[in-house]
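Peer 1: Our numbering puts the sequence shown at residues 19 to 162.
These are computed hints drawn from the structure, not numbers from a lab. Among these hints, one or two may not hold up.
[As the list claims (entries may be wrong)] Label pairs and their calculated CB-CB ranges: (1) G65 <-> P104: 18 to 26 Å; (2) S89 <-> I53: 30 to 38 Å; (3) A61 <-> L100: 19 to 27 Å; (4) T62 <-> A85: 23 to 31 Å; (5) I101 <-> A137: 18 to 26 Å.
The structure displayed is predicted, hence computed values, not measured ones. Ideal Cβ positions, reconstructed from N, Cα and C, are used throughout, including at glycine.
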Amino acid sequence: MSTPGPSGQRRPSAATLPSPVNGKAVASGRLMVSIAGSQFGVATVYGAVPSVLLPLQVERLAGDDKAGVLSLFTLADAVTALIAQPFAGSLSDRTRTRYGSRTPCVLGGSLLAAPVLWAMGRTQSVAVLAVLGGVGVLRVRGVR
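All chains, full assembly: derive it from the sequences and hints.
Peer 2: Structure follows, in structure tokens:
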């Protein structure tokens with residue numbers, strides 16, 4: 019059975035539409051595990067690094083001027099994200115591989131961000147932390 023649409027054409031009723039259960043709309047278990055794993059990783063990086071780990075590292079390195087240094091890091095993060103995200107989005111929109119358009123960017127950015135984030139935790143200088151932070155933000159924001 020169908021109902022007339024706004025232009026007078028007939029639209030199928032809900033009873034005649036395919037159910038998502040018997041169509042391709044149902045996600046596989048492997049896909050759901052993959053999505054859950056990637057969301058956990060992104061949430062860890064976006065939650066732990068800027069709100070917990072970076073302030074602790076800045077406090078250890080900057081001492082009394084920790085608030086000023088951390089505010090500069092936050093400003094640099096925002097400016098870098100303003101530049102990196104549109105660039106990475108444009109690049110991934112033009113990427114075509116057999117793995118899809120986003121997968122190479124996400125995988126490449128993740129592989130490049132991991133050693134930078136590790137090095138940020140090992141540095142003994144605010145200047146080196148700032149440089150690594152900028153590179154890390156470029157990589158992590160590009161993944162997003």
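Peer 1: Confirm or reject each hint.
Peer 2: Here's how the hints hold up against the structure:
1. G65 <-> P104: 18 to 26 Å: Since G65 and P104 have Cβ atoms about 23 Å apart, the given range 18 to 26 Å holds.
2. S89 <-> I53: 30 to 38 Å: holds, 35 Å
3. A61 <-> L100: 19 to 27 Å: holds, 22 Å
4. T62 <-> A85: 23 to 31 Å: Since T62 and A85 have Cβ atoms about 25 Å apart, the given range 23 to 31 Å holds.
5. I101 <-> A137: 18 to 26 Å: holds, 22 Å
No hint from the list above goes unmet by this structure.
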